[in-house]
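With the hints as your guide, set chain B onto chain A.
Each chain, letter by letter, is given below.
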Amino acid sequence: MRLSRAAQVGLFAAAVVAAQLLSSAAGKAFFLTQLTMSAYYTLAVLGLSLLMGYAGQISLGQAGFFAIGGYTSALLTTLDLSPQRGHPLVAALVRLHLAVPRPDLYGGEVLSVSPWAACVAAVLLGAAVAVSLGVPVLRLRGHYLAMATLAFGTIVSSVAVGTQALGAADGLSGVPPFVLFPGLRVGGGAADRVQNYYLAWGLVALAMLLLLNLIHSRTGRALGAIHGAEDAARAMGVDTGALKLGTFVLAAVTATVAGVLLTHYNAGIGPSEAGVMKSVRYVAIVAVGGMGSLWGTLSASAVLNFLSLRGYFGAYDDAVFGGILVLVMLFFPDGILAADVRALVARLAPRRAPGGEA
Amino acid sequence: MTLELLLQYLVAGLTYGSIYAVVAIGFNIIYNATGIINFAQGEFVMLGGMIAVSLERTVPLPLAVAGAVAATAAVGALVEIAFVRWLRRPSVLRLIVITIGVAILLREGALVAWGEGVRSLPYFTGNEVSALSFAGARISPQVLWVLGTTALIVAFLSFFFGHTMLGWEMRACAANRDAAALCGIPTRNLVTFSFVLSAAIGALAGCVVSPITYTSYAVGAPLAIKGFTVAILGGLGNSGGAVAAGLVLGVLESLSVSLLPTAYKDVVTLTILLAILFVRPSGLFGSREASGLKDLG
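Chains as they are written, first to last, in the working numbering: chain A, 1418 to 1775; chain B, 5 to 301.
Looking at chain A on its own, in the form it has when it is part of the complex (with noise of 0.2 Å):
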């Protein structure tokens, strides 16, 4: 089944809408903001898809990423610089704007950066550690990427724990609501519930339209050349290695604006989001939707996510996804979505011409 892109959007549209209402009409309305967090994790495995899919390198790091943005806005928007209020570089930031009063829980005034102004912070940083890491990394071949990553990963994790200033086993708490525009804000009051459903998911699709552009772009064709065959793109005069290394800074990006955005949502973050088994987590959820196949990826993510975050899965969700990613790459390297059960029963029978993937 083949639709347009207008076709695809739409149905999606719809299916978010209609998510929505049967919720609403089921009176449990709360689902809504499992489903607002499914979306932000969404955010985060879309480009994931992208680096798997199409430059077949697989991050680790993924929850780093995440992390990264999380805490750095979660740090910045929760530091309260009031007694720092003579400095000149506080008194620029406020002049700027950068730097914003607020009221404390206790009625006081804290002064602390603006979220809009954290969340740059947050994007510059993790592009920056995306860069050099995938710079020196992305020659290599085979496994290294996912080894380094996996490194990365652990690193930040390992600091996350360690470290007082971020909270340690704790994390941070107290992460005032991300105001995008007057009247629109990140967060999660239970008023702002549906509000918040639909800024979530408007931001996956705008961030599904800005990627299948991407895809149908010329860089979108070299990439597709890079997945089908690396040294014949070469060949024919593309980049690999920058395109593989935007591809991970892609990728790093957008699960960085998604640790920004769902910490704002939680007011807060803590360290299991770092967590390398949350990398994992992100890794099967690409694998169940297919590689490089954003709508599969989506879709895998909405409800394995949801179903995660209601608790479905019990004791045993680490063990779910683990078993979902063994069984997925083995039966169904494409996706279960692009499984074609022909194809699988080919593969499965004995006596078969030598070819298979790549």
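FYI, nobody ran anything at the bench for these hints, they're computed from the structure.
Hints may contain errors.
[As the list claims (entries may be wrong)] Not everything, but these chain B residues come out facing chain A in the computed CB check (under 10 Å):
1) Ile41
2) Leu97
3) Arg111
4) Leu136
5) Phe138
6) Ala176
7) Ile189
8) Asn193
9) Phe282
Cβ coordinates follow ideal geometry from the N, Cα and C atoms, glycine included.
Just chain B, lined up with the frame of chain A:
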């Protein structure tokens, strides 16, 4: 730092380092036979320790260790047969993801079977407080067990790969799988055997180190990452290099604890890993061409 203290850190470092070396050798055995990095390698060490602790309740210690090694070797064979053997020309990416999934399943299985508790085997000789004095430092006899076992494993493997038919066949398989198959070497069975061998040595290491470091369902992943660091540092596929690199890393890590908060211990190791990947991916002891960056993809 006094000389005694330095010596004490050194001994601790060598103990951990020799375990990292065994894990790294396990990586190398499978890598040489298949080109796969088996992310579940650390879980073999965990399984060895956990199974031995359970068996030790009913049978004498040597039998418990032997049973744990045999059981873990069987798990190794099972993993290969169930998850790797029947795939046709799988990509590296796919194999990596599969072994990651297997590692998670083994870990979660251990969590269900044994719970979250931390366990350990009794000391092989003496007990927690018995110690040998050496130049002012105090050394637990178990440390000698760990170092001795590591040395034995290395000696056994170098004899095995240098002087036995099976070892030669495995080297042929590593050098050129198609040519080995043409010579009538059963390459598929040798791949299974490489999993058995690396599971067995991992399990043995898990047993001897258990009295000192304790063992729980979650010890596998950190060991796998450190073992991989050592394997890269020593030059992927080079087991002599792995021993040297393992001891170096263990000592560095042990010394880092005296300077930095313990929470950052892993950060030190991993920073070393990243630095090596950036600067010299063929490792300290590997030549640039020999590292080959073997790629099935």
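Structure-based check of each hint:
1. Hint on Ile41 (chain B) holds. Least Cβ distance to chain A is approximately 5 Å, under the 10 Å limit.
2. A hinted interface residue such as Leu97 (chain B) counts as satisfied when its beta carbon comes closer than 10 Å to some beta carbon of chain A; here the least separation is about 6 Å, so the hint holds.
3. Given the 10 Å rule on beta carbons, the hint for Arg111 (chain B) holds: about 8 Å separates it from the nearest Cβ of chain A.
4. The restraint placing Leu136 (chain B) at the interface with chain A is violated, with a minimum CB-CB distance near 34 Å, outside the 10 Å limit.
5. Given the 10 Å rule on beta carbons, the hint for Phe138 (chain B) is violated: about 33 Å separates it from the nearest Cβ of chain A.
6. Among the interface hints, the one on Ala176 (chain B) is violated; its C-beta lies about 21 Å from the nearest C-beta in chain A, farther than the 10 Å criterion.
7. The interface hint given for Ile189 (chain B) is broken, as the beta carbon of that residue sits about 19 Å from the closest beta carbon of chain A, more than 10 Å.
8. The criterion of a C-beta within 10 Å of any C-beta in chain A is not met by Asn193 (chain B), whose closest approach is roughly 18 Å, and the hint is violated.
9. A hinted interface residue such as Phe282 (chain B) counts as satisfied when its beta carbon comes closer than 10 Å to some beta carbon of chain A; here the least separation is about 4 Å, so the hint holds.
In this structure, the earlier hints numbered 4, 5, 6, 7, 8 are contradicted, and the remaining ones agree with it.
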